[in-house]
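Heads up: the protein sequence lines correspond to chains A and B, in order.
Final position of the first sequence in the working numbering is 675; the numbers increase by one with none missing.
Final position of the second sequence in the working numbering is 675; the numbers increase by one with none missing.
Bear in mind the hints are in silico, worked out from the structure with no lab data behind them.
Be careful, since some hints might not be right.
The list cannot tell twin chains apart, which means a pair is met if one copy fits it or any two copies do.
Stated by the list, open to error - In silico DSBU-like cross-links for lysine-lysine, where the CA-CA straight-line distance does not exceed 30 Å:
1. Lys485 with Lys469
2. Lys589 with Lys421
3. Lys423 with Lys469
4. Lys513 with Lys545
5. Lys616 with Lys485
6. Lys469 with Lys589
7. Lys616 with Lys577
8. Lys589 with Lys423
9. Lys495 with Lys421
10. Lys403 with Lys616
11. Lys528 with Lys545
12. Lys577 with Lys469
13. Lys423 with Lys513
14. Lys636 with Lys513
15. Lys469 with Lys526
There are 2 protein chains.
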Amino acid sequence: MNVTILGCNSALPVIERFQTAQIVHFREKMFMIDCGEGTQIRMRQFKIKPTRLNHIFISHLHGDHVFGLIGLISSLGMVGRTADLVIHAHPDLEKMLQPQIDYYCAEMSYKVIFESIDPRKHVLIYEDRSLRVFSIPLKHRVPSCGFLFEEKEKPRHIIREMIDFYHIPLKEIPFIQQGADFITEDGTVIPNERLTRPATPPKRYAYCSDTAFSKRIIPWIEGVDLLYHEATFLHTDIVRAKATGHSSAQQAAEIARDAHVKQLIIGHYSARYDHIEDLLAEAQAIFSNTRLAFDGLYLHA
Amino acid sequence: MNVTILGCNSALPVIERFQTAQIVHFREKMFMIDCGEGTQIRMRQFKIKPTRLNHIFISHLHGDHVFGLIGLISSLGMVGRTADLVIHAHPDLEKMLQPQIDYYCAEMSYKVIFESIDPRKHVLIYEDRSLRVFSIPLKHRVPSCGFLFEEKEKPRHIIREMIDFYHIPLKEIPFIQQGADFITEDGTVIPNERLTRPATPPKRYAYCSDTAFSKRIIPWIEGVDLLYHEATFLHTDIVRAKATGHSSAQQAAEIARDAHVKQLIIGHYSARYDHIEDLLAEAQAIFSNTRLAFDGLYLHA
């Protein structure tokens, strides 16, 4: 599971940072989280082809997270896309976007399907053979939710030599991968632990933006491999952070520490800061394995 | 009168070229023509402050010319703008944009005023003390018009020595600047040509995009100092140009030549061309004083 940051500034873009958008790459698939203005430009600049992009998850309906949708949708139509595109978002998005699609993208070659999210609930919102995506209720000025990308439990690793040794028929292998013991013809039980090694732990990526400091999210993101948490402000601007429903870098790091995540990426920087390294220093004082997001950053969960 | 190109690609952006947007600088004022996605980002990248931007002229309602408006409007609100912003466009724009402004830009600190353009007519659409802007009806798949920015006739230059020599009272100067003769106390008529030199010719800039080849526009742009004319295609793709209501580079140059313009800038390139220099060569074969637009180009009319 990998993530490409397409944009990581907050309300206003700056020269080198667009507004929020990310790509989650998982096996052969590609998912988008949020879609700020210029997302389609960033995809071209970072050489990300949208062919395998079929699902977009929108955290909330502030402009800096959605204004790139109509341009992306329009351009996908112009290049003759045929696969459906599913947008998971608060139901108001459809009301705002469908009239624009009808007007600007007449006779499109593909369908845009809106799937409604209730951002107040922690629920499964997407599932396929190998992945689940859950909503993470956040605390913001408007209904907002993060997303937890969770690889499904993988099968246990078969120990080839043991399979050969006990002459285990191939049809039994899937059951053994799932943890079943094997019973030989003479009735001897061979415990699963002798036949397999534990599965590689499933990867988990959590995206939490936009949100004020909210301890409520900790159980949902406990132990994730990678957490993207907004850090719009320095803690010296905590009054402004609270008033606008955002977090400080210190608060992002406290969440990462208390949720025992493996790595923290901070982003959604306010345009007021010329030196975002100050945000990094503030977070690292609390949670050392923190990195700064930047447009074009590609990282492993 | 100066022009900054913010974006000059056509329907699809490419890595180094955003979709259409331009700034016309005239004395202390600033005007925008079209507003493709990412225009606000380009303004920051090219260090153009929007403070003095009060009028935006939209040629037509294709997405690549308007998708940047909502982001720009929203960001201007966030930085506390108070001055009205007037958008001159086909009346459908207001229908599409006002609901978005109402939803995404609640309680904005300034007003967006829509002024309706009838793109089929060549009429005065803006006027102030020193400038007039006219619409130029174009030929496209949807109603489309270009814009002619025309500096007003300037006063004649006073020859200071003559004013002193004839002891002309200061209150007479404005009349003499406008071409009046001076009559001395003894009744002698001093012809204006002895007191003044001709005014500097008013500058004129014409923007013609999007449009198929249309000789009809020639009288309206006759002799302009600078013409921006779309050149979406090479002439070898003329069938596609006609089908989509666009021009070839050759056709843009023919218009420039037949209208006796001083300089031609071509742009609105199709994303299919890797070497836009081919478009330049094609145009220069017909009209040598041609330049290629690029994002960030700043030029004098």
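Earlier hints that do not hold, by number: 2, 4, 6, 7, 8, 9, 10, 12, 13 and 15
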